[in-house]
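Using the hints, position chains B and C against chain A.
Protein chains in written order, with our numbering: chain A, 1 to 214; chain B, 1001 to 1214; chain C, 2001 to 2214.
One or more hints might be untrue.
[Stated by the list, open to error] Under 7 Å between C-beta atoms, here's a sample of chain B residues computed to sit facing chain A: (1) A1024; (2) F1028; (3) D1029; (4) W1030; (5) F1031; (6) G1032; (7) A1033; (8) L1047; (9) P1056; (10) T1088; (11) K1107; (12) N1138.
[Stated by the list, open to error] Pair ranges (Cβ atoms, derived): (13) B:N1138 - C:P2114: 33 to 41 Å; (14) C:G2069 - A:S194: 44 to 52 Å; (15) A:I66 - B:L1168: 53 to 61 Å; (16) A:S194 - C:F2003: 54 to 62 Å.
The set of hints was computed from the structure by calculation and includes no laboratory data.
In this text, a Cβ means the ideal position worked out from N, Cα and C, and glycines have one as well.
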Amino acid sequence: MDFINIIDYIGTFAFAISGIRLAAAKNFDWFGAYVVGFVTAVGGGTLRDVMLEVTPFWMEQASYIIITGLALLFVIIFRRYVVRLDNTFFIFDAVGIALFTVVGVEKSMEAGFPVWVNIIMGTITGAAGGMFRDIFINEVPLIFRKEIYAMACLAGGVVYYVCRWAGLPAIAVQIVAAASVILIRVLSVYFKVSLPSLKSIDISGHRDVKEDRE
Amino acid sequence: MDFINIIDYIGTFAFAISGIRLAAAKNFDWFGAYVVGFVTAVGGGTLRDVMLEVTPFWMEQASYIIITGLALLFVIIFRRYVVRLDNTFFIFDAVGIALFTVVGVEKSMEAGFPVWVNIIMGTITGAAGGMFRDIFINEVPLIFRKEIYAMACLAGGVVYYVCRWAGLPAIAVQIVAAASVILIRVLSVYFKVSLPSLKSIDISGHRDVKEDRE
Amino acid sequence: MDFINIIDYIGTFAFAISGIRLAAAKNFDWFGAYVVGFVTAVGGGTLRDVMLEVTPFWMEQASYIIITGLALLFVIIFRRYVVRLDNTFFIFDAVGIALFTVVGVEKSMEAGFPVWVNIIMGTITGAAGGMFRDIFINEVPLIFRKEIYAMACLAGGVVYYVCRWAGLPAIAVQIVAAASVILIRVLSVYFKVSLPSLKSIDISGHRDVKEDRE
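Excised from the complex, chain A in its bound form (with noise of 0.2 Å):
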């Protein structure tokens, strides 16, 4: 369907311009940026079809090889604009993990998987691109420390089977499955919303690591 290929395009451009960005900060040459790139936009897409045994879906259209393409390019042309367009990306980003997170409900449906594991399929879809991102730049993975991420691709899972279950037209459960991670996401970054973490206690005295760990 045309509208559902653009904002995916639209998602996999927000999500590769997003990896080329934090690969260029950490020095990376043109080819490693656009590895990045690509892997924060298909990486969620594709553990999800190795896990559910189908090829991975940027292996059948050459789309995705493309978009990240001009994403590379784009960084490089507009550099200096691209920090200004912060807010553009943002939104870019949250309707891509959303739709992201949608397909990857559906096509784990198909393959005939129960809902909890079409709702973890979902979320892995939505957020794993960004945590691969992370360990490739060797950072700690930033979608479970700040503002609501990973979480906000679950609530949409969820949200998905509830319109389901609740009888509404296939078209109204995507849309509003991928509404409410959009306006999750959106808020809990507006009013700086974190999950809480579990840090306020010492609790790392595992014997394995008690003697090496900062």
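Frame of chain A; chains B and C shown alone:
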């Protein structure tokens, strides 16, 4: 089988606790801690299943998702007692890697692979979760630097086949192999035995890294 | 074919040595060094095979397990000479990535994928092992920051198809493609050529990272 299931769940619980605690020490939020706990518990078996080309085991029953949730609840509620329970968790963890190793060997064997692949798959099932955990929290994997961990799994796999070739009944093979993993693990920690490292002489002058590495 | 096998094994040996040395520098124990060496040697091909939905190649013959063991023995026994052999290992490594690239392109082609997927699979086969190695030892992947490495594999894949389309016989296609990988790699190191980086202008102000990143 009931008894095996109980041990499997206890091992999963212990693995999840270890991931959640280390994630908490790194300031991950609850959701991030859950993810790290889950990856620690099921990561090894998932890598095994992907390489054996079967559906990852945790997608076939919701138990592992639920047990990781219980582990998170446990850490949140009993956080001030968690450190005191170190020795208990250490035993759970040792029992867990022992059982995971045996399960991994047998699953690979059922898939028709040769003995040496099965032993490797057992080792991956027992030890790779802890490796993924350390990559997620951005630490050099601890299991390769302190005490005997992955090597205990490997030894357990070898013992498994020695017993099998000696004609022991299936249940005895499982018990002796698992017991040998536990024994090696416990003794190595008790006597602070580690494998030798290669550090003593500088051999890191690879031309690719000469200038960049510390 | 015998000649291909010999080069394959030499490449595996060189890759394993590079992983073992970097692991040793990070204080990994012998077993950990073995694992890092093995992942460096077979990681790229394993990722390729998982995405192509075939059994990872190293599970079909024990050679790669054994060669990695020999590499570990070699480093342990000849540790004081290892640094002096840098240039030899560099050539082995270049030959290794060249052959791995050609093998990866052909395996993907046999699985029926289009040309652009095959070139990517060739690049992953040649370059991803070094990337996994750096993630394991908790470093920012070096192959994306210094000299031309993954790009040499990509270029080799393109040369492969140019030669093929030009009607060269299969063996000539393989030789010319592999030679071009070696040539690009060697020349880039000799003349200290790197791809440009994006660092020069700060573009890392992504809203997700503004506060947390250095």
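Now the hints, each set against the structure:
1. A1024: With a closest approach of 3 Å, the A1024 (chain B) hint holds.
2. F1028: Nearest chain A Cβ about 4 Å off; hint holds.
3. D1029: holds, 4 Å
4. W1030: holds, 5 Å
5. F1031: Since the shortest Cβ distance to chain A is 5 Å, the answer is holds.
6. G1032: holds, 2 Å
7. A1033: holds, 6 Å
8. L1047: violated, 10 Å
9. P1056: holds, 5 Å
10. T1088: Not OK, violated: T1088 (chain B) not within 7 Å of chain A, min 11 Å.
11. K1107: With Cβ-Cβ at 16 Å, over 7 Å, it is violated.
12. N1138: holds, 5 Å
13. B:N1138 - C:P2114: 33 to 41 Å: holds, 37 Å
14. C:G2069 - A:S194: 44 to 52 Å: For G2069 (chain C) and S194 (chain A) the Cβ distance comes to about 47 Å; the hint holds.
15. A:I66 - B:L1168: 53 to 61 Å: Check passed, 59 Å falls within 53 to 61 Å.
16. A:S194 - C:F2003: 54 to 62 Å: holds, 59 Å
Hints 8, 10 and 11, counting from the list given before, are not met by this structure.
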